[in-house]
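Taken in order, these protein sequences are the chains called F and U.
Quick note on my numbering: the first sequence kicks off at 1 and runs consecutively.
Quick note on my numbering: the second sequence kicks off at 1 and runs consecutively.
A portion of the hints provided could be inaccurate.
Derived Cβ-Cβ restraints for the label pairs, each shown as a range [claimed, not checked]:
id: 1; chain 1: F; residue 1: Arg111; chain 2: U; residue 2: Glu265; range: 55 to 63 angstroms
id: 2; chain 1: U; residue 1: Lys445; chain 2: F; residue 2: Thr144; range: 37 to 45 angstroms
id: 3; chain 1: F; residue 1: Arg182; chain 2: U; residue 2: Arg179; range: 32 to 40 angstroms
id: 4; chain 1: U; residue 1: Ala336; chain 2: F; residue 2: Ile15; range: 58 to 66 angstroms
id: 5; chain 1: U; residue 1: Glu430; chain 2: F; residue 2: Thr165; range: 33 to 41 angstroms
id: 6; chain 1: U; residue 1: Gly67; chain 2: F; residue 2: Arg11; range: 47 to 55 angstroms
Keep in mind that the hints were calculated from the coordinates and are not lab data.
Even glycine gets a Cβ: it sits at the ideal position worked out from N, Cα and C.
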Amino acid sequence: MSTEKHRVSRRRLLILAAVGSAVGAVIWLKPMLRRSRSQQVSIADLSAPAATITRDMGSTLDTVITFIGALFGRALSDTDSAELRERLAETLSQQPGRAQDYSVLAQQLDRLARDAGAAGFIMANTAQRGGIVDQIMHIDPGATWSRILAHLSPGRRQYYRMRSTTVPDLVWLYRYSGVPWRARGYDRWPGIPGDWHEYLTAGKTNT
Amino acid sequence: MISGKTYDICIVGSGIAGALVAAQATRQGLSVVLIEAGQRFPLAERLKLLRRYQNLGGLYFPWEYPGRDNYVDSSAESIGVGYQLERYRLKGVGGSTLHWGGRAQRLRPSDFRTASTYGVGIDWPLTYAELEPYYSAAEWQIGVTGSPHALQSPRSRDYPMPAFPFSIDEQIWPPVAERLGISLYSAPFAINSIPYNGRSSCMAYSACNMCPSGARYSADTHVSEAENTGRCELLTLTVARRIDVRPSGAVAAIHATTVDGKDLEIRAKNYVIAAHAVESARLLLLSNCGNHSDQVGRNFMEHPFIKAGGYLPSKRFYPSRVGFERLESMSYYDGAERHQRGAMKLEFEFAHDPLRDMESEHLWGERLDRHDKERFGHWLDINVETEMQPNSNSRISLDPEEKDLFGDPAPHVHMAFNDIDHRTQRRALEIATDLLQASGAQDIKPVGPRGLSFPAHNMGTCRMSDNPALGVVDRNCRVHGTSNLYVAGSSVYPTGGGCNPTLTIAALSLRLAEHLMQSNV
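Next comes chain F alone, as it looks inside the complex (with noise of 0.2 angstroms):
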């Protein structure tokens, strides 16, 4: 009985132990999180040549597109699709350092596609597409928690990079494409020029 008592406080000392220590860190660290030092992008080559997109490259961007599509909900056009691809080169021809970003994308999606019991994400149905969105998103990348995970090993790293840079950067380029806007009705989006005297008229939805 007292062995017994023994070992339950000393794994309670052991627990408080690794608590107090995790509560520390995170006091510890937190200042240094909340400091940001800059963000920089480099400046691409204005007159960089469009990328070629190799076959594995090709694959993975279908994954990309396709997990956009879910992330968003949308069941995409061959005309979104297109437009996607097209400014996803773009991209990986002025950064082409995201090619790894995408690639690291597309093999979570298909991991967590067949542990769903997928071929893979683009065979998976809308619904496990779904599941697998739910558990990319539920990460918060700000918690300060998930940003400590994120120093253990490099497969948290990588994991951590899809959803707090990846994503977000692939939400934005769509959200400044004209996918969105195609659904809304609109014919004309931001960088496409127009008429400012139409905005003192109601009515059309399509501009």
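Chain F is already provided as a structure; the job is to place chain U on it using the hints.
Just chain U now, kept in the frame of chain F:
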């Protein structure tokens, strides 16, 4: 040294302050060298840049230089949110006017006298009346649309272009405002409503921050004008690193380095530092210049935006038909309340993209799609541009660890609010919420943490004061204790009011140019 030449004026920075001084001086026959840390971004390439921004995103306008423009920000420790400098400045020919929204407002006379009128802040050594002729000149030089309204600052000259009329979306607000006794007006913009100064009228790209048509003013036009006189030499991708100030107070040279490592010594009769509130202060600190009273870098100010939004299912708006809304109100700017809080200007917006709610509302997949279908075109935002008080703890300093490409200390940004700022921001949120309620909007909430964001209006750090103990430059923008060194731009503002700063930068720059021409004679 550049070919042993001595210029009339050496200007660091080719944003609107440097560009206007250069254009004015070269028109009068003076020789100018312009040192610019960034590169040229020609108008012809703006569409390409816009597309790149739309694809890559992440930053407001991604033209910073990796490994060179480092900085450290500890603002989150004091105000709870970070200050993302790379989003709030732009290094390139034309400076931050390459990505500004174009709002071109005068400060109000009260902004120059907050201490004596309201007992808060500090008075400018200049009055509004002294600056007024330069405001008018600035409006005609850069091209401003506008129409007179009840609460406008007194003016001696009409706007050069007619105002943009209220849009169909904006028609919702006048009846609400009338009920509440608030007056509205169409904001002045440096966006052409008719062709002006060789630039087209607005072509409704809905992308004002990059304006591919050139209808929105950017200062590279004045840089080109200066170059076309044959009297302006522009050094791009060249970073000013030290001011060589002699014990007599005379500046002998500016030392600069090109990004490919070539050191330059540049000599002139007069020197103007117009490198943005952050870099102007950093250059003075690096050069141990003008900091006799420990004022350089202090009183770093912004215009904290307090934003709230609401859902209005009964109305249909058309976001992004044209990329800018022009409705504003100054009804909460002045008055007895200003003894207790800062000035406020209201802006009314319709451009909210429901897809942006993804992270904050944890929406994705079909739920996000439903949210977009329900909310797009049914959302109102009110943005309250608030005055931030000068505060010596809000500052730019040299970071003890972080270095730039050349091994010089990087800037350390630390923004701090005082009690008046907190009171102002709380009141701004109340006002925005009340107005949204009066419009019939539902689901009203702050946009972002406490509704707080920043509009990239960096001010302060080299305060103008007749008293050297309280400021860095005098009423002519000359650095105290020097004979030929000047600072141009919003860094000299003693207080920032609640109006967008660019037109005041332009007016002060034209005034400085006049002073320099007189002193060069």
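Results of checking the hints against the structure:
Distance hint check for Arg111 of chain F and Glu265 of chain U: the Cβ-Cβ separation is about 59 angstroms, which falls inside the suggested range of 55 to 63 angstroms. Checked against the hint of 37 to 45 angstroms, the pair Lys445 of chain U and Thr144 of chain F fails, with Cβ atoms roughly 24 angstroms apart. Range check, Arg182 of chain F to Arg179 of chain U: Cβ separation about 38 angstroms, and the 32 to 40 angstroms hint holds. For the pair Ala336 of chain U and Ile15 of chain F, the beta carbons lie near 59 angstroms from each other, so the given range of 58 to 66 angstroms is met.
Under the hint 33 to 41 angstroms, the C-beta atoms of Glu430 of chain U and Thr165 of chain F, about 37 angstroms apart, fit the expected range. A beta carbon spacing of about 50 angstroms between Gly67 of chain U and Arg11 of chain F agrees with the range 47 to 55 angstroms that was offered as a hint.
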